[in-house]
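**Q** Here are the chains, one letter per residue:
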Amino acid sequence: MTQPRILEVRTKILKKNDETAREMRRRFEDAGVLVVNMVSSPGTGKTAFLKETLARLVARGIPVAAVVGDLETDNDARRLAESGAPVRQIMTHGLCHLEADMVQAHLTDWDLASLHYLFIENVGNLVCPTSWDLGESVRLALLSVTEGEDKPLKYPGLFNTADIAAITKTDLAEACDFDRDLARANIEAVRPGMRIIETSTKTGAGIDEWLAELAARRR
Amino acid sequence: MHELSIATNIVEIASQHAQEAGGGRVAALTLRIGRLACVHEDALRYSFELVREGTPLAGAELRIVAVPVTVWCPRCNAAFELPGIQRFACPICSTPSADICAGRELDLESIELLEAADPRLEAADS
Chain A
1 MTQPRILEVR
11 TKILKKNDET
21 AREMRRRFED
31 AGVLVVNMVS
41 SPGTGKTAFL
51 KETLARLVAR
61 GIPVAAVVGD
71 LETDNDARRL
81 AESGAPVRQI
91 MTHGLCHLEA
101 DMVQAHLTDW
111 DLASLHYLFI
121 ENVGNLVCPT
131 SWDLGESVRL
141 ALLSVTEGED
151 KPLKYPGLFN
161 TADIAAITKT
171 DLAEACDFDR
181 DLARANIEAV
191 RPGMRIIETS
201 TKTGAGIDEW
211 LAELAARRR
Chain B
1 MHELSIATNI
11 VEIASQHAQE
21 AGGGRVAALT
31 LRIGRLACVH
41 EDALRYSFEL
51 VREGTPLAGA
61 ELRIVAVPVT
71 VWCPRCNAAF
81 ELPGIQRFAC
91 PICSTPSADI
101 CAGRELDLES
111 IELLEAADPR
121 LEAADS
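Chains as they are written, first to last, in our numbering: chain A, 1 to 219; chain B, 1 to 126.
So here's chain B without its partners, still in its complex pose (with noise of 0.2 Å):
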């Protein structure tokens, strides 16, 4: 399960961000996830639940955003979503194409921050 190596990769990045910005805890953070990642989207949130405990992302809402596989057709000079990722051709010309536009990402793209003086956490703490 690799997705458990992708979640402790997400811990790391996003405490070291949220340190960085002066402390407090993680709310929320969002992911950019392309169909070509191969990554298992229960997988990746029960592996993400295991490794946040301890750390300011404990109890942080996963947003994860789908990204659709594009790929860029010579002939039509244009790029194209693809209906699935079994056949990598134009959808309108039928042109066989090997160049991926967006589909592969495996971004952490924002993570919303709760400072540590906000209100709502001494209320969470207590």
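So here's chain A without its partners, still in its complex pose (with noise of 0.2 Å):
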């Protein structure tokens, strides 16, 4: 009897996908535009810390855009639209990801040359997007006070690819008991020497110094 034959392929599993971000990435670089990628649970205030964002950029005449993924509807995309900046939304249909090729066929006909910033926001998920390159120069990843200190433990997979943490909603930080310096050596915990920013879009804490990081990374 023929024994089976072995084919050692090597190959990674999402290798198509890494070659499209591949290819992405080397074209925002050309065009010269900083990609951010925001990951975060349900809830924490992607959208709203993002359409802080836009409106600021815009009102100081810097040219912004944004691409918003959700399972369904473009609510999302109507509510970021009324930062002034363009916005496309892209509905996944149950997917619980973005993948590198759903951003670029959203990409089409935009002059991206003329951007200075692209924000990506993902599907609200703490597991999904980990794998997933989407062709972004920082990864962003989001937490609420609301969500309690220990969330960057049970989803370490998620805050160890991430290049910057941005607690949000700070304003109810001391309604939910939040420890901040818990929360802080946790996220330090899981990725060492991680740039946090604590904020609200309430308030406006912390938002100018996200802006400067922005600004500071896209240098």
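None of these hints come from the bench; they were simulated from the model. A quick note: this is a predicted structure, and the numbers were derived from the prediction, not measured. Built from N, CA and C at the ideal position, the CB exists for glycine as well. Fair warning: there could be bad hints in the mix.
[To be verified] Derived list of chain A stretches under chain B, where covered just means 3 residues or more per stretch with a C-beta under 8 Å from a C-beta of chain B:
id	region
1	6-14
2	96-103
3	190-203
Both chains are sitting in their own frames, so use the hints and assemble them into the complex.
**A** Encoded structure:
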């Protein structure tokens, strides 16, 4: 009886996505646009945070745009468009994360070279987006004070791939007995050295710090 | 459930390799999956069973090698396996480390191919 033939394949399972992401990253770099992939649980306040970011940048005359992923509805794109920035909605129809080709398909006919920043708001999920590179330069993980300080320890895979962590809704910190030192220590434990910014879109706290961090990374 | 996307990619890649190797059926596949890849093994097996139907991988056995996380410690000048994924620090000297050496793998390592003329296939077909 013949033995099965073993083929050493040694291929990355997400090779196709990685190749598309690499192509996009080259395109973004050539265009001089800084791309941010925003990841969090549902309800962290990604859309409010992004809307504030877009509105502030638009007010400063800085050209920005956003694509936003959701399972269904274009509600977020409509909310974000109130900032004055061009926004496109990706509806994933049940898929729990964005993939590079979905973003790529929504960028056609956009003049990337005219933009300083492009924000990609991922589907609200702290697990599934982890391994999908979207060609971004910055992966921002957001965590709200209402979610508890141990969220980074519960979802270390995603936090470990992030470049910056934003703590949102700090105006509610006292009401939630939020222990900011513990939250910061937990983020530091799963991603040593990561920049952490504490923010509130309600009071405006930390938003200038966030915009300064973006500007520094674009240089 | 992102495991369905992962399973679809596995079946595509393995089918292509099987075809390029002259056809035949895939008897088994070996994956290497890092603990940081955020893949749920049961969900992946379930997804794989759905996606493999009607492909050269129908009936193929899925072997999964789990890869622990290893970080580089700049102080000890060596790589160490972490006991868990809640604390990225050297297990010897406790120096924090974001320098991941292993643990993000999402790789198709190898496939076992039964030749088209393999008598076991004919037996399986009858």
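**Q** The structure should be examined with respect to each hint, and the outcome stated for every one.
**A** Hints, verified against the model:
{"no.": "1", "hint": "6-14", "in the structure": "holds (count 9)"}
{"no.": "2", "hint": "96-103", "in the structure": "holds (count 3)"}
{"no.": "3", "hint": "190-203", "in the structure": "holds (count 5)"}
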